[in-house]
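Model the placement of chain B on the given structure of chain A, informed by the hints.
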Amino acid sequence: MARILSALAVGLIFGAGIALSGMADPAKVLNFFDLAGTWDPSLAFVMGGALAITAIGYRFVLARPAPLFDAAFHLPTGRRIDLPLIAGSAAFGVGWGITGFCPGGAIPALGLGRGEAFLFVGAMLAGIALSRTVRQALASRAAARTA
Amino acid sequence: MTQFTPLLSLAGGALIGLSAVLLMALHGRIAGMTGILSGLVPPFSTDWTWRAAFVAGAIAAPAAIVGLGGAVPFDSPAPASWLVLGGLVVGVGVYFGSGCTSGHGVCGLARLSPRSAVATAVFMASTAATVFVVRHMLGGL
Chain A
1 MARILSALAV GLIFGAGIAL SGMADPAKVL NFFDLAGTWD PSLAFVMGGA LAITAIGYRF
61 VLARPAPLFD AAFHLPTGRR IDLPLIAGSA AFGVGWGITG FCPGGAIPAL GLGRGEAFLF
121 VGAMLAGIAL SRTVRQALAS RAAARTA
Chain B
1 MTQFTPLLSL AGGALIGLSA VLLMALHGRI AGMTGILSGL VPPFSTDWTW RAAFVAGAIA
61 APAAIVGLGG AVPFDSPAPA SWLVLGGLVV GVGVYFGSGC TSGHGVCGLA RLSPRSAVAT
121 AVFMASTAAT VFVVRHMLGG L
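So the protein lines, in turn, are chains A and B.
The first sequence begins at 1 in my numbering and counts up by one.
The second sequence begins at 1 in my numbering and counts up by one.
Pulled out of the complex, with its shape left as it was, chain B reads as follows:
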């Protein structure tokens, strides 16, 4: 069980939205983690500096919250082999799918992009189906 946190989640979501609006206003970029990371794997894209700065900020924020005495819940139930396999599948999937939850699910839907609407519907359904199979048919996690 995890605690139902509607207000914190809404506030966190609003911050994610604010970052998407600011990245567009300042840099003209979609705040999608897939697209940002795609320029940070070899061969690095020529505009890697703002990408690296965004990622550094994204990593520093939870560390800062914990450092200031706040709590960031984290529990990863998957075994190491699943994390490696899942990570590879996610990397390949989001690259060919041109985006993930942040790019398609937030920025794309906000732009009313038909491609993002289809992608979001597909990955939400696929994730729910996978969780159902793992938890209720295989009895895992």
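Okay, chain A solo, but in the shape it has when bound:
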């Protein structure tokens, strides 16, 4: 129970940060990227503040043997800079640029009860689910071929 409640509390802090920072506002996000037009540099301060705290905090946390509620830290192990990373990130930018929503901004925006956020998040979850199915099908086909 403490495990679930602590995740809920951390989610609350994340959502409050997104809401206060302006990341939940697609118009503000789009203006941050519109250097040639109605530029609003605010979001550079979001990234700066988040990065500074995380970089310092991680140094202390990751020096410990394990997290409080798990046996080990779950850190990404991939090292390769490959096509899925680059093409996927490029595609993400196209979707972010035409809507102003990124995943971390859109999920808290649901709490504002606006239809636009629900429409975007529904489509985004479908995209994630579809991609997961495709990747697993490809992996099992590759495994069958080598077996």
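Be aware that one or more of the hints could be misleading.
[Stated by the list, open to error] From the derived model, a few chain A residues whose C-beta atoms are all more than 12 Å from chain B: (1) Ala44; (2) Arg141; (3) Ala142; (4) Ala143; (5) Arg145; (6) Thr146; (7) Ala147.
[Claimed, not checked] Derived CB-CB ranges, DEER-like: (8) B:Gly67 <-> A:Ala87: 37 to 45 Å; (9) A:Ala139 <-> B:Thr46: 15 to 23 Å; (10) B:Trp48 <-> A:Ala144: 49 to 57 Å; (11) B:Ala80 <-> A:Ala9: 31 to 39 Å; (12) B:Pro42 <-> A:Ala87: 20 to 28 Å.
It is worth saying that the hints were derived from the structure and are not from the lab.
Only a predicted model underlies this, so the values are computations on that prediction, with no experimental measurement involved.
Cβ coordinates follow ideal geometry from the N, Cα and C atoms, glycine included.
Here is chain B on its own, set in the frame of chain A:
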């Protein structure tokens, strides 16, 4: 036009950073929305409960701020068809790209991950290019 809010944005960013540090300290997890959501679409991952709790908190916070009398600005200029298309493209992109702004742009960069540095550079450039095309070549939004 949107208002330039350096102090609020810095404070909000610091809270996002605090949540990333706490999620690592308590659960040993990267606070990336893509990774967290990937275990919450069918088939659900076995550890879906903390993921659902984090997402519930993230959704509840802006609602609570509004409920307490605060203001959370929100303006979505894209038409519905763009939201659906954009949502699909973002979902596919962040899944294969292994992360988004929170995972790569905050947690990954804080760990000095080369993969996250490349991903962040690519999606920031791609987003800026897309906004330029939409606003200054197509005359939209």
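Inset, instruction - May I ask which of the numbered hints given earlier this structure violates, with the numbers listed in increasing order? - result: Per hint list: 1, 10 violated.
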